[in-house]
Amino acid sequence: MEIGGPELTRALRASRRRQQVGALTLVAPALIFLIAVFAIPLALFTFRSVDNAETWSVLPLTRSALSNWDGKDLPPETVYAALATDVQAIERSAAATLGRRLNYSEPGMRSLIISLHGLKLDPARPVAAQMIAANVRWGEHRIWQVIDSESGRLTPYYALRALDLQLADGRIVASSSEDSATFRSIFARTFWISGIVTLLCLIIGFPVAYVLATAKGWFGRILFISILLPFWTSVLVRSMSWILLLQQNGILNRFLIDIGLINAPLTLIYNRTGVYIAMVHVLLPLFVLPLYGVMLKVDRALLRAAASLGARPLAVFRHAYLPQVIPGVMAGLVLVFVTAIGFYITPVLVGGGGDQMISYFVAFYTNASVNWGLAAALGTLLLLATLLCLGVFRWAFGSATMVTGR
Amino acid sequence: MKPNADEILVRFNGVNKSYDGSNLVVSDLNLEVRRGEFLSLLGASGSGKTTTLMMLAGFERPSSGAIELGGKPLDNVPPWQRDIGIVFQSYALFPHMTVADNIAFPLKQRRRSAAEIDERVKAMLALVKLEGMADRLPAQLSGGQQQRVALARALVFDPALVLMDEPLGALDKRLREHMQLELKRIHERLGVTIVYVTHDQGEALVMSDRVAVFAGGRIRQLASPTELYERPADALVADFVGENNRLEGKVTKIAEGHCQVTLGNGLVVTAMAPQPLDPGQSVVLALRPERVVVGAVESAENHQTAIVASVVYLGDHARLELAVGGLTLVAKVPNDARYRAPQAGERVTIAWRSEDCRAFAGNDRN
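If you're matching them up, the sequences are chains D and H in order.
Numbering follows the UniProt record's numbering, with no gaps: position 224 of the first sequence is 224.
Numbering follows the UniProt record's numbering, with no gaps: position 23 of the second sequence is 23.
Think of the hints as simulated: they come from the structure by calculation, not from any bench.
Using 25 Å as the maximum straight-line C-alpha spacing, the simulated SDA-like pairs for lysine to any residue come out as follows:
#, chain 1, residue 1, chain 2, residue 2
1, D, K216, H, N23
2, D, K297, H, Q89
3, D, K216, H, F59
4, D, K297, H, W80
5, D, K216, H, R61
6, H, K108, D, Q324
7, D, K297, H, T98
8, H, K332, H, E230
9, D, K216, H, S63
10, D, K216, H, P78
11, D, K216, H, G21
12, D, K297, H, H96
13, D, K297, H, Y19
14, H, K173, H, N244
15, D, K297, H, G169
16, D, K297, H, E166
17, H, K108, D, P313
18, D, K297, H, E60
19, H, K108, D, A315
20, H, K108, D, A301
21, H, K108, D, I326
22, D, K297, H, A170
23, H, K122, H, R111
24, D, K216, H, L24
25, D, K216, H, E60
26, D, K297, H, S142
27, D, K297, H, Q140
28, D, K297, H, L141
29, H, K129, H, M179
30, D, K297, H, F59
31, D, K297, H, L137
32, H, K108, D, F317
33, H, K108, D, V298
34, D, K297, H, P95
35, H, K72, D, P313
36, H, K108, D, Y321
37, D, K216, H, Y19
38, D, K297, H, P138
With the hints as extra help, turn the sequences into a complete structure.
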């Protein structure tokens, strides 16, 4: 039954549409900002992890010539000619880029391509023979296999490389790259450090949040500010201060020696201990604040009820207090863990070579080694790991918990 | 086991309580609760009744004085060893536990056997008429049902004493009236001692064996509901329990428990004087509206002429506002066969007996 007929239905729909347009107008600036500076760059960078423009765009003739190759023996003369034409048609810098890209898959490709770029070819004689004469490796079957598999529009190379894998003869096998960085162990290290830091935050932060939530008057205010103060200071400043405190001749070591607790200074920095100390300090407020919010709202009547029913203080805590604050604990743990796995500055400043986390390698491949494809693949994997953590939490505790801690 | 009606279960001995060190929330409290009785602590908010309950439960410590339970001092007994069941205003059910687990909680804390727990929980669910709800979570129950679970949980471990802190405050009127009778039934059936805190005088009158009226941290009167209503100890109790006409005047004559009072508008009335009064003293007269009769009554000492200012029809009775020489009196007249309610504007004679009108020292305004 339709009350009021189609006019009313139409009017209601129009009014709802007006409301939606109004709401959209209000969020439009934020939406445009997010799309422009976050969503689009993120998508572009993520695409880089499978993008193969460096070879695909410069080898058009080679690609079409290779499409007729059966892959069994060495390719025919047409393929040699096409590659020589392609390589010699581009700038020397582009040839260097192509060489570097192919070198990821097969060592020695870089010098092969660069020498091919400068090779004087006699148009009267077969190109294949001239190239093999210049460098015998042009006669290797493997070289052409690499060129064939790496000339497509997209490549699985970076994603596999980020997991210490590579494609060989169409199968996924363990990587044999000369680059000794093993990303699986770096990912494992990243999760291990984040896990330890999260655990330390739980052990240190839970009692602090409890005291904050129950303390009254000036004591509570001072405590609250001392927890919040580091939160308002930049991560860089905080990590730098730890260097002053923890170094060999730093304040802490001198104090411990002065009071006679130790004889020789402890190594507290440029190792894992320093990373743990500084990261826990930086991340502690992230754990304490959501938990504090939840603890403030604890129903005291439930605690009294439990006590009146015969529960001793420990049982009151377990049966009446803990169930009420568990959502806050989980929110804090996820917040700390997810933030920790993306940490960069703190491990760089206070950690040693073996304490660097995945973000360090993303930065390294972006800035130092200019392998943006690998940086993108590592970054994308990190993003997926983060989303997975949030997904597991959301599945276990419901989406509202994550936001409100309730 | 029939409890001995005269046995004292709880004794407050000169208990004082102050939170800030200067203002007494409870002052010089002396109170005895008899075993098996239903005692209500009645008072407005801030009168000290809830603090008294919390001290008995062990959540607050008296600043001075002592509390005894079953003859033993409670000073250093923590709440979990007092064996006192409490029903909270908010019910305070554990939200993550089922109804059965909530009720089983005190038994599990006492490490009772699984078989006993099972049996006791079943018996309790039957007592509060919640069979079939055992596996629900508190959030899936109505307010009245949650109330019953809280009650069952406070009773399941056979505590000698059950405290209730405005347990019916959150229920609607009909359900509240139903639960009042239900509580009374359970009290009579189990013979448990109940101390019940409320600000609702009607509730206190319906359920209690005795009522302690609290004001300003002190007990103003401790008596049975009848006594409280019929013979209030002072003007405040008279005001708090039931409706009351409050008339101010000065004593002009005293004789044998009665006195003659001249009101502000010059009218002279006679009243009972439960407290000793002096001639010339300012007094407050308390007169129940249902004791003001419209028409002449032979046995009544007080007769006045009044104008009916307004009539509110309330079904079984009518509520009149009467103008008596510049004063306003409220009267309730029954709607029965013998009686005709007067109309607004009518001039009537009204009457009341002097024993229905009580004079209290008038400086007593709190």
